[in-house]
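Residue numbers (the working numbering), protein chains in the order written: chain H, 1 to 506; chain B, 507 to 1012.
Source of the hints: derived by calculation from the structure; they are not laboratory data.
A couple of the hints might just be wrong.
Unchecked claim - If you only want the chain H side, here are some residues facing chain B, beta carbon under 8 Å, derived:
no. : residue
1   : E104
2   : M106
3   : P125
4   : R186
5   : R189
6   : R349
7   : M378
8   : G386
9   : Y393
10  : V418
11  : D419
12  : E444
13  : L471
14  : H475
15  : E481
16  : E491
Predicted, not measured: the structure shown is a model, and the values here were computed from it.
Glycine is no exception: its CB is placed at the ideal position from the N, C-alpha and C atoms.
Number of protein chains: 2
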Amino acid sequence: MTAYESRVRNSALRNRVSSAEEAAAMIRDGMTVGMSGFTRAGEAKAVPLALAERARAEPLKITLLTGASLGNDLDKTLAEARVLARRMPFQADPGLRRAINAGEVMFIDQHLSETVEMLRTDQLPPVDIAVVEAVAITESGGIVPTTSVGNSASFAILAQKVIVEINLSQPAALEGLHDIYIPTHRPTRLPIPVVTPESRVGMPFIPVPPEKIAAIVITEKKDSTSTIHDPDDGTRQIAGHLNEFLLGEVRKGRLGQSLQPLQAGIGTIANAVMHGFLDSPFHDLKMYSEVLQDSTFDLFDAGKLNFASGSSLTLSENRYHRVLERLGDYKHKLILRPQEISNHPEVVRRLGIIAINTALEFDIYGNVNSTHVAGTRMMNGIGGSGDFARNSYLSIFVTKSLAKGGDVSSVVPMVSHVDHSEHDVDILVTEVGLADLRGLAPRERAHTIISNCVHNSYRDGLLEYYRRAELRGGHTPHILEEALSWHVEMEKTGRMPGRKPETIPA
Amino acid sequence: MTAYESRVRNSALRNRVSSAEEAAAMIRDGMTVGMSGFTRAGEAKAVPLALAERARAEPLKITLLTGASLGNDLDKTLAEARVLARRMPFQADPGLRRAINAGEVMFIDQHLSETVEMLRTDQLPPVDIAVVEAVAITESGGIVPTTSVGNSASFAILAQKVIVEINLSQPAALEGLHDIYIPTHRPTRLPIPVVTPESRVGMPFIPVPPEKIAAIVITEKKDSTSTIHDPDDGTRQIAGHLNEFLLGEVRKGRLGQSLQPLQAGIGTIANAVMHGFLDSPFHDLKMYSEVLQDSTFDLFDAGKLNFASGSSLTLSENRYHRVLERLGDYKHKLILRPQEISNHPEVVRRLGIIAINTALEFDIYGNVNSTHVAGTRMMNGIGGSGDFARNSYLSIFVTKSLAKGGDVSSVVPMVSHVDHSEHDVDILVTEVGLADLRGLAPRERAHTIISNCVHNSYRDGLLEYYRRAELRGGHTPHILEEALSWHVEMEKTGRMPGRKPETIPA
Chain H
1 MTAYESRVRN SALRNRVSSA EEAAAMIRDG MTVGMSGFTR AGEAKAVPLA
51 LAERARAEPL KITLLTGASL GNDLDKTLAE ARVLARRMPF QADPGLRRAI
101 NAGEVMFIDQ HLSETVEMLR TDQLPPVDIA VVEAVAITES GGIVPTTSVG
151 NSASFAILAQ KVIVEINLSQ PAALEGLHDI YIPTHRPTRL PIPVVTPESR
201 VGMPFIPVPP EKIAAIVITE KKDSTSTIHD PDDGTRQIAG HLNEFLLGEV
251 RKGRLGQSLQ PLQAGIGTIA NAVMHGFLDS PFHDLKMYSE VLQDSTFDLF
301 DAGKLNFASG SSLTLSENRY HRVLERLGDY KHKLILRPQE ISNHPEVVRR
351 LGIIAINTAL EFDIYGNVNS THVAGTRMMN GIGGSGDFAR NSYLSIFVTK
401 SLAKGGDVSS VVPMVSHVDH SEHDVDILVT EVGLADLRGL APRERAHTII
451 SNCVHNSYRD GLLEYYRRAE LRGGHTPHIL EEALSWHVEM EKTGRMPGRK
501 PETIPA
Chain B
507 MTAYESRVRN SALRNRVSSA EEAAAMIRDG MTVGMSGFTR AGEAKAVPLA
557 LAERARAEPL KITLLTGASL GNDLDKTLAE ARVLARRMPF QADPGLRRAI
607 NAGEVMFIDQ HLSETVEMLR TDQLPPVDIA VVEAVAITES GGIVPTTSVG
657 NSASFAILAQ KVIVEINLSQ PAALEGLHDI YIPTHRPTRL PIPVVTPESR
707 VGMPFIPVPP EKIAAIVITE KKDSTSTIHD PDDGTRQIAG HLNEFLLGEV
757 RKGRLGQSLQ PLQAGIGTIA NAVMHGFLDS PFHDLKMYSE VLQDSTFDLF
807 DAGKLNFASG SSLTLSENRY HRVLERLGDY KHKLILRPQE ISNHPEVVRR
857 LGIIAINTAL EFDIYGNVNS THVAGTRMMN GIGGSGDFAR NSYLSIFVTK
907 SLAKGGDVSS VVPMVSHVDH SEHDVDILVT EVGLADLRGL APRERAHTII
957 SNCVHNSYRD GLLEYYRRAE LRGGHTPHIL EEALSWHVEM EKTGRMPGRK
1007 PETIPA
């Protein structure tokens, strides 16, 4: 028995095993390809590399759809090889970002729950080929995903052909972790039966007719590990403010000691905030999130967290090995779902989620920019933040009050791009403090945000802007000709103008 | 038997009948009051007037919550009497608007599905007293609403005391039209069982313990009639473009001849667009909307529409009488629901709604401003547009391409306020044409919008802005120092600067 035979349990499929190059040859110029991969976890690894290689010899441009960002520098490699004509719904790679901002790659930045909904109704070009990383193919041809589900299930179901990458480095024990549920057709859809983070409502594999599996590629390359940083003073202060606020909510009887299911966005700050629950009196917590990071497992190990539902596992080097080796210890507390379900507005609203996402900047009225530097240059994409923020019980955005060593304030007169409007933002937290915006009108929001969240070096500058704007009147006072002037100045000089002079280094 | 005895069927409650002044006396300075009323339909009429009267003699400021806008100039009267300290979640009155923009009334502009969700979880100040217009009180004390449900059910259930206004001018035949369903508590909520516009899942009255009904006021004042205008050339062209687009979708097999359940926002343009379906080949249509306007009944009478679910009936003078007299003909095709359910993200996504809402302005990338003139002055509020746009199958925004006799373009370089980001906008329509933005990146969106939706007199101006912005690069190219300059100039001179000189009247 070869190394992969136990992984390809449908023996009739074993003759489809081929090289990455042979499999990639099925992908032709102009095709739309749906690949597995969500926040650097569980992406197809060999076929995209073979594609990039081929693109050196022949014209090859595709539309690439994934769950979210890819690991192993694949987005970089594909962008450099100029394989990507179009890319959706999310990315987080500096090389691809450069190509997007140069207008070389058309990037469609979408709410992560919506891509497959649009594909299913033929509102996006159809997926010609799906490329899905798997730990195994079952006897019936079912595809068992690895460390993420993302959009893989719908890609495989909707595509003409499926290429499966069996990754031998992903432990077979991952099987059983996934819960693949596909919503029924509209307008006759039934309720999505997820009523708690623990609800198992689907199958442990992606059901596709075996004849659709056109090629199987055997790989061994590991997932990239997470690039998040350890908590620092600033992120610990953010976590502290949030813990204190939530304690207040418990005291007021609005929340119990177990809070409500938690969601945390990708990245260092959200991870640090979740980490902060270690030092809190809350217990029997649950997560209903998209990406599960180190903090999820820290909370499991500390006995704080009872259950976590997500769409991917994105862990640091150390954590990755410890979790995958001890998967049996965690498996009964974990579910990985399609991102359509992990982020589904129906479920998010039903469960009453506490959503914690990261802002790039926010303004004095509570509008949040999650994506565009100076209103023009894409960072990563909106991701799932909109799916969660709009429908959550509490929509919380976190960021440090300063960027670029203090030259930039994360709180500005008017955000240069809006991803989340004031209607979708309940709580803002920086290391300075927390603003509770619930039930406040814009003028009240401005006072609360400027007092509580702004760094001391920019507070007077923002207050001065607000006071002059207020004289002009309006529900949301602004001086339109100055509203974006902080960004304009930042673009010209690298520094925002509202800073208190004595705080500027000589 | 007095005129109202058949309406107050719980005989023990008949001794609670009192004057509006006596009932209003229960409302004290500083209280939070929840009143019925949604888009000028079914508002409490006598108690608010008595409140305004009292405010002339004594200090009296309240927080007023409603479903949406009130009729009978009540928002104006209350604003002029300075009764309103705070107002949420929507209004549409010029007098109140003035007070809001002057900062005299704190207005909290909310997604209409969210207000009672926040009240129920104690995230807004509790409702002290609910004032609800009704056609009847049942034997068990159930309150039967009139021409709207709005937030009345949750207000009555959550309030300490309830004042019921029995309106004898509202026909008793309205009983049976309503479907009152209140979602269960989170985080243990069950799916909301609405699976088609026709689903009846609740009770035909608002269940409250009879002892909570503190006063009953008998009134006879009619609802205000709708202020919408008849379709004109521009709105007919908008309807024509939309019909043509939807026909294309049917031809491509994406939609059937009955389309999917339709939602249309309040106002002249949305009503005209619905009216346009009269001349379309579509049939067996259904509506799942918030406000049902004249067009709903035109479509019923033409045999085009099979069923309509909404939260209110807001009709013109003629239509109002004809519908209320012939209610028996329509009743089996109509449901009025709480706005939490008519607008619920869970149901909107499940049914796959085609959502048609009105934009104040939109920008070359498809961001929509629904609320703020020149980024500062509130018009009405976001209403239900966000509930529908985010979760719909197709999110369509309509507006005429010009305002102020051509001095203002409804398409601008950057909107001065964002209510709906590019992520939530699929289709834009003006009388010039239609832009299908699905699957397009921002640079592609700009070309499509400028080519298809912009009035000829501003097209060159926008294209020139876009071309210069594109030279600077970025995923969403902008020239930040000019992005709002069209609005700045409009504020100064009354005219936007991008207009082709020969189109400016001498």
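Here's how the hints hold up against the structure:
Given the 8 Å rule on beta carbons, the hint for E104/H is violated: about 10 Å separates it from the nearest Cβ of chain B. The interface hint given for M106/H holds, since its Cβ lies 4 Å from the closest Cβ of chain B, which is under the 8 Å cut-off. With a cut of 8 Å, the hint placing P125/H at the interface with chain B holds, because the nearest CB-to-CB distance is about 7 Å. Restraint check, R186/H versus chain B: the minimum CB separation of about 3 Å is within 8 Å; hint holds.
The closest approach between the C-beta of R189/H and any C-beta of chain B is roughly 5 Å, which is under the 8 Å cut-off, so the hint is satisfied. For R349/H, the interface hint holds, the least distance from its beta-carbon to any beta-carbon of chain B being 5 Å, beneath 8 Å. Here the hint on M378/H is kept, as its CB sits about 4 Å from the closest CB of chain B, short of 8 Å. Hint status for G386/H: holds, given a least beta-carbon distance of 6 Å to chain B, under 8 Å.
Hint status for Y393/H relative to chain B: holds, with the closest Cβ pair at about 6 Å, below 8 Å. Interface restraint check for V418/H: the shortest CB-CB distance to chain B comes to about 4 Å, inside 8 Å, so the restraint holds. Below 8 Å, beta-carbon pairs count as interface contacts, and D419/H has one with chain B at about 6 Å; its hint therefore holds. With its C-beta approaching chain B no nearer than about 6 Å, E444/H sits inside the 8 Å limit, and its interface hint holds.
Violation of the interface hint for L471/H is found here, the shortest Cβ-Cβ separation to chain B being roughly 10 Å, above the 8 Å cut-off. Interface hint at H475/H: satisfied, since its Cβ lies 4 Å from the closest Cβ of chain B, which is below the 8 Å cut-off. Interface restraint check: E481/H against chain B, minimum CB-CB distance 5 Å, threshold 8 Å, status holds. At about 7 Å, the closest approach between the beta carbon of E491/H and any beta carbon in chain B falls short of 8 Å, and the interface hint on this residue holds.
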